[in-house]
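*Asks:* Next come the chains, spelled out residue by residue.
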Amino acid sequence: MNPFVSRITGQSPIVPLSIMAFVLGFMISVAWITNDARAQRIRSVDPDQAVRIGSGDLNFQDEYKKLKDEVLRLRVENTALQNAMAKETGEAKVLNESLQSAKVFAGLTEVEGPGIVITLNDGKDRIDAPLVDMIVHDTDVLKVVNELWNAGAEAVSVNGNRVVTGTNFRCVGSVILVDSVKIATPVVVQAIGAKGTLIGAMKLPGGIVSELQSVDARMAQIAVVEKMQLPAYGGATELRNLRPVEAKS
Amino acid sequence: MIFFPLVCLFVGAVLGLLIREPIRTEAGTYLAVACLAGLDTICGGIRAGLEGKFHNDVFITGFVSNVLIAMFLAWLGDRIGTNIFLVCALIFGTRIFNNLSLIRRFALTRWQDFLVRRREQQSAVANPNPNLP
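As you go down the protein sequences, you meet chains F and E in turn. Under the numbering used here, the first residue of the first sequence carries the number 27, and numbering increases by one thereafter. Under the numbering used here, the first residue of the second sequence carries the number 4, and numbering increases by one thereafter.
These are computed hints drawn from the structure, not numbers from a lab. Because the structure is a prediction, the values reported are computed rather than measured. Be aware that a few hints might be false.
[To be verified] Incomplete in silico selection of chain E near chain F, CB under 10 Å:
(1) I5
(2) L18
(3) L42
(4) V67
(5) A129
Backbone N, C-alpha and C fix where the C-beta goes; we use that ideal spot for every residue, glycine too.
Use the sequences and the hints to build the structure in full.
*Replies:* What follows is the structure, given as C-alpha cells:
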C-alpha cells in the first residue's frame, strides 16, 4: 500500500489526542527545570560558572564575618589571659614572651607599623586593550602579595583579611575569594615592612604593578603609610593531621 | 469536546508535579527532547484530525516511537560526542512550526467559510428569491 495515498477516515481524534496530551503534560511537568533540578544540573556546567550560579542563594558571608569577629575577640582575650598568667613567675614570663612572638609571626595578633598600600582597581573599558586585561584577577592579587613577601614584607592584609600561611586567593565569578571571604575591587593590599625596600621592589619594571599600570595607570596605585594597623587572622587554626616531630635528645 | 485534550494536558502536568521526583541531569535532557517529540506528534495529530486523515494506530505508534527515537538519538549523541540533541530540537521545532501553521490555516479557512455561509444565509433571508428583480 502506498503510504502517501490519502487515507481519509472519519475517526475522531479526540480520545487518542487526549490520552497522548495527558502523557505529554506529564512529561513536560517532569522535565520542567525547577530549582532543585537546577541545583542538580549545576554539576554538569563548568566549575567556575557553577559557583557563580550557586552562590546566588547561599550567603555564608555574613555568618562567616560574625564568626570571624568572634574568633578575633576570643584571641585577644586569650592573649590577655596568657599575659596575666605569666606575670607570676620568671619562667612563665619567658615562655609567654616566646609564645607571643610566635603568635605575632603566625599573624594571630593585630599588628602595626610602617609600610605601603597598593590599591588595585579595574581599568576603564577601552577599545585598544582586551577586556580581560582590564579586570583585576585573583592571580594579580596573588602576584602582588607574592612580590610583597619577596620584598621583605612582614605582614600583609588584603581588604582587611590578614594573609597568613595557607591563605589562598581564588576567582569566583565576579568576585575574588580570600580565605572564603568575598572581595571585589578596589582591592587594597596593605603590607608592613621597610617602606623604601617595599616601594622600590614594587616599582620594578616588568613587575606586576608596572604590568597592570601599562594597561591603565589607575589599575595599580602605591601609597606609603607611616603607620597602619593590620587585623589579626580570623580564620580557623585547627590542625587535623599535623603533629610536631619530637626532638631526640 | 475540543478542550478535552487540553484538560488532559493539565491533568498530566499536575500529576507530574505531584510526583516531585527530581530527575538526573542526563535524563532531564533526554526528557526535554522527548517532550518536543511528543508536542510535534500531537500537533501532527491535530492537523491530521482537521484534514480528516486521522488514524488511531498511526498517531499512537507515532507518538511512542517518536518519543523513544528522540530520546535514543539524544542519548546516542551524548555517547559518541555529537550533539544530536540539537538536531532533534531543530527538526522537531521545524515540524512543530509547520504543523501549527497548517492548523492555523485550517482554522482560518473554516472561519472564513463560516462567515461566507452566514452572509449567504442572511442575503437569502433578506431576498428570498434572487432570480426575481
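*Asks:* A separate judgement is required for each hint: does it hold in the structure or not?
*Replies:* Right, here's what the structure says about each hint:
1. Restraint check, I5(E) versus chain F: the minimum CB separation of about 8 Å is within 10 Å; hint holds.
2. Hint status for L18(E): holds, given a least beta-carbon distance of 6 Å to chain F, under 10 Å.
3. Taking 10 Å as the C-beta cut-off, the interface hint given for L42(E) holds, the closest approach to chain F being about 6 Å.
4. Interface restraint check: V67(E) against chain F, minimum CB-CB distance 9 Å, threshold 10 Å, status holds.
5. Hint status for A129(E): violated, given a least beta-carbon distance of 36 Å to chain F, over 10 Å.
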